[in-house]
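S.K.: Here is how the chains run, residue by residue.
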Amino acid sequence: MNRFIRNRTFPFISPGLAVEVEGLSKTFDGRTVLDSIGIAVPRGCLTVLIGPSGCGKTTLLRCLNGLDVFDCGRVTIAGITVERPQLSGKRWEQTIRAVRRKVGIVFQSFNLFPHLTVLDNLTLAPRTVKGESREQAETRAMELLKLVGLADKVGAYPDFLSGGQQQRVAIARALAMEPEVILYDEPTSAIDEERVDEVLDVMEALDARDMTQVVVTHEIAFAREVAEHVVFLDEGAVVEEGPPEQVLTDPLHPRTRKFLRRFLATLHNPPPTTAP
Amino acid sequence: MNRFIRNRTFPFISPGLAVEVEGLSKTFDGRTVLDSIGIAVPRGCLTVLIGPSGCGKTTLLRCLNGLDVFDCGRVTIAGITVERPQLSGKRWEQTIRAVRRKVGIVFQSFNLFPHLTVLDNLTLAPRTVKGESREQAETRAMELLKLVGLADKVGAYPDFLSGGQQQRVAIARALAMEPEVILYDEPTSAIDEERVDEVLDVMEALDARDMTQVVVTHEIAFAREVAEHVVFLDEGAVVEEGPPEQVLTDPLHPRTRKFLRRFLATLHNPPPTTAP
Amino acid sequence: MSRLVGGAVIALLVLTVARSAGADALERVRQTGVLRWGSDAEGGAPYVFPDPADPTRIIGYELELMEHVARELGVRAEMVQNSWDGLIPGLGRHDYELAVNGIEITADRAAVVAFSEPYYAATEQLAVRRDETALRCLGDLGGRKVGTLKATAAERILRERGDLEVVTYDSQLSPYEDMALGRIDAVLMDFPIALYYGQLNPKVRLTDCEVGEVLYGMAFRQEDEALRREVNAALDRLQRAGVLRQIYEEWGLWNDATANLLGEPQRVLRHASKYEAYLRSMKQELPLAEMVARYGSYLPILGRGALMTIAISGLAMLLAVLLGLVLALMRMYGPWWLRWCAVVYIEAIRGTPLLIQLYLIFYGLPNLGIRLSPFFAALIGLGCNYAVYEAENYRAGIQSVAAAQAEAALSLGMSPRQAFLHVILPQAFRVVIPPVTNDFIALFKDSSLVSVITLVELTKAYGMLAATYYDYIGIGLMAAALYFLMGYPFSFLARRVEKRLAKAKR
Amino acid sequence: MSRLVGGAVIALLVLTVARSAGADALERVRQTGVLRWGSDAEGGAPYVFPDPADPTRIIGYELELMEHVARELGVRAEMVQNSWDGLIPGLGRHDYELAVNGIEITADRAAVVAFSEPYYAATEQLAVRRDETALRCLGDLGGRKVGTLKATAAERILRERGDLEVVTYDSQLSPYEDMALGRIDAVLMDFPIALYYGQLNPKVRLTDCEVGEVLYGMAFRQEDEALRREVNAALDRLQRAGVLRQIYEEWGLWNDATANLLGEPQRVLRHASKYEAYLRSMKQELPLAEMVARYGSYLPILGRGALMTIAISGLAMLLAVLLGLVLALMRMYGPWWLRWCAVVYIEAIRGTPLLIQLYLIFYGLPNLGIRLSPFFAALIGLGCNYAVYEAENYRAGIQSVAAAQAEAALSLGMSPRQAFLHVILPQAFRVVIPPVTNDFIALFKDSSLVSVITLVELTKAYGMLAATYYDYIGIGLMAAALYFLMGYPFSFLARRVEKRLAKAKR
Ligand SMILES: Nc1ncnc2c1ncn2[C@@H]1O[C@H](COP(=O)(O)OP(=O)(O)OP(=O)(O)O)[C@@H](O)[C@H]1O
Ligand SMILES: Nc1ncnc2c1ncn2[C@@H]1O[C@H](COP(=O)(O)OP(=O)(O)OP(=O)(O)O)[C@@H](O)[C@H]1O
Ligand SMILES: [Mg+2]
Ligand SMILES: [Mg+2]
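Note that the protein sequences, when read in sequence, are chains A, B, C and D. For the first sequence, the working numbering gives the first residue as 343, with consecutive numbering after it. For the second sequence, the working numbering gives the first residue as 343, with consecutive numbering after it. For the third sequence, the working numbering gives the first residue as 3, with consecutive numbering after it. For the fourth sequence, the working numbering gives the first residue as 3, with consecutive numbering after it.
In case anyone wonders, no lab produced these hints; they're calculated from the structure. Treat each hint with caution, since some may be false.
As the list claims (entries may be wrong) - According to the in silico footprint, chain C covers these stretches of chain A (three or more CB under 8 Å from chain C): (1) 415-427; (2) 464-471; (3) 476-486.
As the list claims (entries may be wrong) - The calculated DSS-like cross-link candidates involving lysine-lysine, where the alpha carbons are at most 25 Å apart (straight line), are: (4) K152/C - K205/D; (5) K488/A - K488/B; (6) K152/D - K507/C; (7) K152/C - K507/D; (8) K505/D - K447/D; (9) K152/C - K205/C; (10) K488/B - K600/A; (11) K472/A - K444/A; (12) K488/A - K472/A; (13) K147/C - K507/D.
As the structure is a prediction and not an experimental result, all values here were calculated from the model. C-beta: ideal position from N, C-alpha, C; glycine also.
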């Protein structure tokens with residue numbers, strides 16, 4: 343029951359890949375965290391990354407927009423190719439900056455700007471980076487805030503928002519830059535059942551507009567709903583990938599099975615229910 | 343399939359209440375956030391708080407251990423009664439301090455001590471507050487870290503941990519003080535399917551030891567598994583409470599129904615599955 | 003260390019004065035049509051001083067004298083204020099062409115500068131208490147205490163006679179007051195001072211005992227032969243035209259010594275109109291109302307001084323803030339060599355005292371051909387010095403902002419510059435307010451040092467007024483109040499801003 | 003402002019000296035068995051100075067003299083070092099019972115202190131260049147330049163004769179060097195100085211022209227009649243026993259003036275052993291090796307000075323850090339009145355210059371019966387001053403730590419104190435390192451001010467040595483190096499610590 347199937351503009355005939363990762367490796371002081379990862383995300387497709395805690399999901403996202411610098415491998419994202427170690431120094435900086443203008447990210451820990459109101463959090467980047475006028479930026483900001491159900495918090499400071507409210511502001515802030523690709527790290531970690539719908543609506547809308555989205559999540563149910571493509575990472579390596587109905591409901595790889603054990607269990611003997 | 347039913351020492355015959363909240367109200371600069379809340383949590387019982395984002399869950403927890411000062415009402419927790427506005431100033435401080443020694447909390451945003459290693463994060467409080475010896479504190483710390491599967495991160499600094507790792511450290515830190523009551527704010531927000539088991543195991547173990555636990559979560563599936571008692575908050579007021587199988591599977595109150603809509607849906611027409 | 007070095011530096015600088023060459027002064031005066039002469043209005047009456055009747059006006063017999071001299075040369079006279087000790091070094095900076103302020107012609111001064119013909123001769127005048135009718139002259143003072151100014155001819159004269167106790171003072175007023183209070187028995191001072199400061203005190207009697215004699219001369223750079231000759235000629239003409247005599251008479255300064263000097267009859271022709279005006283405006287016991295009014299009349303001068311202090315402190319702080327920011331950035335994000343430069347600059351500046359830096363900039367740089375106006379010298383001296391402290395403060399503040407903030411900004415496509423400007427800096431700002439406030443207030447304090455380089459800021463203005471009205475306490479309090487009024491709003495403002503910014507914090 | 007106030011304060015303090023009462027000094031000396039006398043080893047040879055042969059030893063004819071005097075009184079002599087200008091104020095502080103350092107008996111000094119009978123008479127000795135065989139005495143110097151020390155009898159004498167140019171100096175050495183270089187033509191100085199500083203210079207010839215005469219006396223507090231009488235008696239006995247004569251002869255100081263003063267034959271009996279020893283150790287042109295060795299021999303003294311600087315700066319910083327912390331806490335968490343106190347203290351201290359604060363503590367407090375040892379006075383002065391700046395720095399650092407951290411700590415049951423100690427402070431620490439480093443280095447610099455209150459720290463030690471060997475550059479560089487060696491490790495350490503703490507940051 344993937345709400346996206348309905349309006350899926352079949353990704354595999356859509357013009358080429360939005361994100362292509364080849365042999366990407368990353369070590370933190372000696373410890374290998376990502377081990378020659380290879381991923382291909384078609385344009386306009388919503389891909390979900392799942393995997394055990396500490397397997398490298400966040401690091402992978404951070405590598406995609408250059409917050410972490412991977413050691414070697416090639417990443418092509420939003421039409422720009424970053425190849426390491428060839429690319430480095432000034433040239434790397436410039437390239438990565440171009441990438442960041444087209445790739446948005448929603449952090450697991452939100453990282454809102456505490457000294458700015460919600461509204462300014464959303465308008466700062468469009469105005470400084472894109473040189474938009476205040477009006478322009480603010481109107482879009484307001485739309486986005488409505489979209490995530492926070493129209494009433496425009497003037498509030500992040501410190502005074504609840505967890506879920508902060509997370510939604512973070513999502514809106516990323517969208518405000520109208521990126522081609524957007525990376526979410528646990529976008530629903532603080533968002534409740536009800537609100538999740540709103541987030542889903544947002545993703546759906548973006549998907550309809552052919553935006554490429556990469557979502558890291560640990561909520562399989564959620565994954566199952568949004569994913570058009572699922573990648574399962576473990577210990578920094580891709581273990582299995584494919585369409586959700588396959589990877590999530592009957593995975594081939596034993597490691598994946600083990601990881602999904604509980605979810606599959608609920609799936610195959612649903613809880614007792616009293617009729618509605 | 344609530345794993346706790348099995349070993350549930352029936353809470354309602356267990357000796358009295360561990361947490362009792364009466365007419366608790368809290369306003370933030372004029373806006374009422376909690377509106378004469380009344381809750382009773384039997385000793386040794388695991389209670390789950392659910393409710394839409396911004397409904398006051400976190401604030402309620404913060405009121406229970408005095409991080410936020412509620413305006414009026416009475417809270418009896420771990421045998422200590424805090425009545426506002428009667429209690430205030432120095433006396434309030436002393437009382438609340440006694441409360442805090444018996445009540446642990448796991449923050450939605452972890453709030454680990456960035457200048458201390460994981461191990462020191464766990465041992466600081468026991469050593470300073472309880473005056474435990476280094477050995478004593480460290481042995482327990484190691485046990486707890488094993489429990490949450492982070493034995494290998496003892497020496498790491500929080501900044502270098504993944505989201506899930508940080509969250510598990512936060513849980514361990516709270517447990518290190520061996521509280522009578524423990525409050526979790528979204529304890530699984532960053533923890534994946536697999537690890538959730540470990541967290542469940544922890545809660546189970548504690549429950550077995552008759553520890554009183556209050557869990558704020560937005561993951562209904564999770565709630566359903568752990569809850570012995572469920573409270574549904576909306577707009578700062580208790581809408582409905584009762585045993586999970588009742589509140590979560592066929593709630594009486596329309597607002598609850600609406601909130602649980604999606605969950606109930608999944609529940610009543612489970613996703614298509616291919617046989618294992 | 004510092005102080006010794008300081009001494010060395012200053013000595014050196016003063017020595018260089020004589021050497022430092024310059025275009026012919028006379029030429030310059032002719033071209034510019036202005037004769038700039040240095041003097042210190044803190045020196046007091048009757049030389050050059052704020053008019054007691056209207057302290058915003060500077061008057062004095064030497065002022066009139068110089069105006070006539072200038073007219074003789076066919077140019078306009080322009081007085082340049084400088085601290086008395088700085089008058090001769092100031093010549094070396096070519097801030098003015100000559101220094102005129104009751105400067106005694108002495109051998110050791112003549113070693114460094116060239117003097118005009120003496121334009122006035124003063125005897126040393128003995129003053130005693132009214133009641134001491136017995137005391138006529140030094141001879142009657144055996145074993146008594148006699149006061150005078152430090153390092154003057156009078157002091158030397160008194161010391162020669164071993165038979166009396168000499169007590170020396172820094173200000174013209176105090177000796178007369180101490181005498182009135184009976185602490186000392188007599189005061190020996192240059193005639194003009196005795197007349198203008200002694201006479202005023204009802205308890206004081208000027209005896210007609212005159213001893214010794216000093217000659218006042220105008221000090222020129224030794225190389226400025228031509229100009230000196232011209233001025234001497236002018237003085238000569240003025241004397242023959244009787245102008246000198248008129249001036250001295252109107253100021254009540256005509257005395258035998260000067261008469262002999264100028265070779266004129268001793269008897270006085272005119273009555274001392276200006277001296278009497280001075281006495282009137284000083285003598286009168288003021289009713290409270292007018293007393294207040296008088297204090298009011300100080301405000302313009304003190305105010306102007308305060309403005310100078312504010313202007314310098316403010317601009318210097320601005321410079322410090324900006325330069326400090328640059329230094330901090332160099333030190334934090336620059337390549338190794340920039341970082342290295344920053345560290346060296348920081349260590350060097352914070353290792354040497356401000357006063358030395360000021361002297362070097364003001365008296366030292368001219369030898370390298372860099373002649374900064376006093377204002378800029380002060381500005382740069384204070385600014386560059388404080389920049390160092392700001393730099394370190396900022397570094398602290400910036401480092402206190404979580405790295406995640408920068409990441410968030412960058413990942414929105416901002417350039418490092420934008421991220422710094424819009425995200426890091428505003429958050430660091432809050433952290434650095436207290437230390438920066440520290441420094442700004444310290445700067446207000448230190449800015450009083452700039453009076454050594456000819457600027458009249460609040461402290462100097464206070465000194466000038468106090469010397470005119472002998473009112474160190476009253477005017478002192480006013481000055482203190484002004485300092486407070488300058489500094490406090492700032493710390494107040496700082497507190498307010500802190501509060502405002504705190505609004506964003508839970 | 004500050005500077006004027008400063009003048010006032012110091013004047014006031016010096017005046018109070020005479021008044022400040024005290025137990026009978028003689029009694030105290032008898033009880034303690036110690037006769038403390040004040041002197042300045044920077045004054046130079048032959049009075050009291052570091053032995054050129056072994057600069058760690060202080061020697062001088064006045065030192066020997068005082069040892070004999072003490073023996074006569076049946077007690078032990080103990081020299082107390084103080085800056086020359088501070089010698090007389092120091093009496094008022096009862097730091098020592100008398101001051102002995104070639105102090106001329108003059109009327110104005112006699113106004114504040116009581117002098118012993120003169121113990122030595124010096125004539126003013128004229129020195130000229132060897133080649134100037136024509137110059138015999140002042141008479142031959144018409145119009146020439148003659149150098150001497152500022153504010154001495156010699157200067158007065160020279161000024162009396164209008165016929166020559168007087169050039170005054172601050173150090174005993176420079177006039178002779180300037181003469182050797184031809185900048186001046188003759189030098190007139192007290193005989194001992196001429197002998198010890200003039201004689202050394204091969205280009206200099208001491209004429210046998212002696213003019214004027216000054217008497218050296220020991221300065222006592224005016225109330226210490228008894229002690230003074232005793233000392234006079236002792237001097238008398240020593241003179242009759244021929245001890246004075248012996249001392250003066252050994253030091254080569256025996257002269258007619260003193261002979262007459264003591265009423266003894268003028269011819270010299272002994273040969274000037276000590277003077278010659280002095281000449282030997284000064285004259286010899288050293289080969290490099292020994293030159294190095296000599297510089298090495300300065301190290302102990304400079305080293306001791308440096309240790310003092312370190313001790314004071316270190317302890318003062320400690321005080322500042324702790325007191326600052328208290329102030330910061332008062333200001334941030336205290337009830338309104340505590341907060342208010344803190345703010346007032348902060349505003350007051352950072353509003354007034356350190357020097358004044360030192361003078362007040364050292365010379366002012368005794369009038370209130372609080373007599374701090376120089377070391378403690380310095381410590382408290384510096385510490386309390388810098389505490390203010392630390393306080394504001396800490397406030398900044400503490401506020402930069404997120405509130406959530408405190409919450410986390412409290413919710414673990416920690417007391418506010420514990421939370422602050424174990425969670426807030428360590429994180430604030432990292433932020434405040436740079437500004438605190440700023441201050442510690444500034445403090446090293448400012449600590450040289452404490453030499454005004456009798457402490458011999460590095461700067462003072464440098465001054466003493468430089469005055470003995472006339473080597474301002476070489477020794478100056480050594481001192482500078484030492485300052486660097488003191489300051490740099492600290493900023494280095496600071497950088498290291500910063501790095502270490504940064505490890506915890508992503
Ligand atoms: N310090 C504060 N000042 C003002 N308003 C606050 C403050 N903290 C929370 N609020 C507001 O109070 C309401 C309840 O906040 P709370 O954090 O308790 O919600 P919550 O139930 O935890 O939501 P979530 O599930 O998203 O965490 C929110 O609307 C929030 O904006
Ligand atoms: N800056 C760093 N330095 C060193 N090790 C790091 C750093 N960041 C992450 N790691 C380690 O790299 C591994 C992967 O971290 P990452 O945050 O990518 O995991 P994750 O998949 O996001 O886990 P979670 O789902 O819990 O967020 C973890 O073991 C973590 O401890
Ligand atoms: Mg992660
Ligand atoms: Mg919450």
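S.K.: Each hint needs a verdict: does it hold in this structure or not?
M.R.: Structure-based check of each hint:
Coverage of a stretch by a chain is defined here by at least three residues with a beta carbon nearer than 8 Å to that chain's beta carbons; for the segment 415-427 of chain A and chain C the count is 0, and the condition is violated. Against chain C, the segment 464-471 of chain A contributes 4 residues with a C-beta closer than 8 Å to a partner C-beta. That satisfies the three-residue criterion, and the hint holds. For the segment 476-486 of chain A, the assignment as covered by chain C is violated, since 0 residues bring a beta-carbon within under 8 Å of that chain's beta-carbons and 3 are needed. About 35 Å separates the Cα atoms of K152/C and K205/D, which puts this hinted pair outside 25 Å; it is violated.
As the CA atoms of K488/A and K488/B are separated by approximately 44 Å, the hinted pair breaks the 25 Å bound. Restraint check: the Cα-Cα separation between K152/D and K507/C comes to about 64 Å, which exceeds 25 Å; the hinted pair is violated. A hinted pair counts as satisfied when its Cα atoms are at most 25 Å apart, and K152/C with K507/D does not qualify at roughly 64 Å. Only pairs whose Cα atoms come within 25 Å are accepted, and K505/D paired with K447/D is rejected, the gap being roughly 32 Å.
Proximity of K152/C to K205/C is assessed by CA-CA distance (about 23 Å); at most 25 Å being required, the pair is judged to hold. Proximity of K488/B to K600/A is assessed by CA-CA distance (about 20 Å); at most 25 Å being required, the pair is judged to hold. Between K472/A and K444/A, the direct Cα distance comes to roughly 11 Å. Compliance with the 25 Å bound is thereby established for this hinted pair. With a C-alpha separation of about 22 Å, the suggested pair K488/A and K472/A falls inside the 25 Å cut-off, and the hint holds.
Proposed proximity of K147/C and K507/D is contradicted: the alpha carbons are some 74 Å apart, above 25 Å.
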